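Please construct the entire structure, taking both the sequences and the accompanying hints into account.
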Amino acid sequence: MGILSGFVPEFSWHSTQLNFNSSAYTQDVTDDQVNKYAKAVLQMESYRQQAYREITQIMGKTPPEIVCNQRDSFRSLPTLAQRVAVNYCNTSKKIVESSGLSSSQFNAITLRVRSDDGLKRRIQNEIRRLQRANN
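Using the working numbering, read the sequence shown as starting at 35 and increasing by one per residue.
Hints listed in this document are in silico derivations from the structure and should not be mistaken for laboratory results.
Model, not experiment: these values are computed from the prediction.
No farther apart than 25 Å at their CA atoms in a straight line, the calculated lysine to any residue pairs in the SDA-like style are these:
| # | residue 1 | residue 2 |
| --- | --- | --- |
| 1 | Lys-128 | Leu-164 |
| 2 | Lys-73 | Leu-135 |
| 3 | Lys-70 | Arg-166 |
| 4 | Lys-73 | Arg-148 |
| 5 | Lys-127 | Lys-154 |
| 6 | Lys-73 | Glu-160 |
| 7 | Lys-128 | Arg-146 |
| 8 | Lys-70 | Gly-134 |
| 9 | Lys-70 | Arg-155 |
| 10 | Lys-127 | Pro-112 |
| 11 | Lys-154 | Val-68 |
| 12 | Lys-128 | Arg-148 |
| 13 | Lys-127 | Ile-161 |
| 14 | Lys-128 | Gln-116 |
| 15 | Lys-73 | Thr-125 |
| 16 | Lys-154 | Ser-132 |
| 17 | Lys-128 | Arg-87 |
| 18 | Lys-128 | Ile-161 |
| 19 | Lys-73 | Glu-88 |
| 20 | Lys-127 | Glu-79 |
| 21 | Lys-127 | Arg-148 |
| 22 | Lys-154 | Gln-77 |
| 23 | Lys-127 | Asn-103 |
| 24 | Lys-70 | Ser-138 |
| 25 | Lys-95 | Phe-108 |
| 26 | Lys-154 | Leu-135 |
| 27 | Lys-127 | Thr-64 |
| 28 | Lys-127 | Ser-80 |
| 29 | Lys-95 | Leu-111 |
| 30 | Lys-154 | Leu-164 |
| 31 | Lys-73 | Gln-84 |
Now the in silico label distances, taken between C-beta atoms and shown as ranges:
| # | residue 1 | residue 2 | range |
| --- | --- | --- | --- |
| 32 | Leu-164 | Glu-131 | 15 to 21 Å |
| 33 | Lys-128 | Asp-150 | 25 to 31 Å |
| 34 | Asp-150 | Asp-106 | 26 to 32 Å |
| 35 | Arg-117 | Asp-62 | 38 to 44 Å |
| 36 | Ala-167 | Met-93 | 35 to 41 Å |
| 37 | Gln-158 | Lys-95 | 28 to 34 Å |
| 38 | Pro-112 | Asp-66 | 40 to 46 Å |
| 39 | Asp-62 | Gln-158 | 16 to 22 Å |
| 40 | Gly-134 | Arg-105 | 26 to 32 Å |
For glycine and all other residues, C-beta sits at the position ideal for the given N, C-alpha and C.
Below you can see the structure in the form of structure tokens.
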């Protein structure tokens with residue numbers, strides 16, 4: 035997950051991708067999908083932060099980029115840190131699926147956000163709206 039990148043979820047500390055080996059599809063993103071995506075992002079955030087802290091503590095330094103569907107990105111981690119990363123990825127996948135989006139829908143939105151400022155704004159606005167509603 036992009037630990038420094040703000041709202042976009044993934045378990046790549048420096049990029050934005052939470053990929054579960056399913057093919058992404060492209061289509062217009064509906065308001066309902068934006069809402070589901072934003073809810074999933076918010077729900078994942080505390081898990082992402084905790085995983086990042088734990089892996090940093092285990093390694094004694096900033097973790098390398100970790101991408102859930104790229105097992106090679108886990109190989110350089112100590113065994114305990116690998117477990118933390120795998121647990122985070124599994125939890126994130128469950129969160130996405132319980133949000134009402136498929137992994138492929140979530141990934142397609144994540145990819146599209148990188149190049150679509152309008153979609154990024156919509157998601158950021160929805161996240162802010164959800165945060166205000168929960169306070």
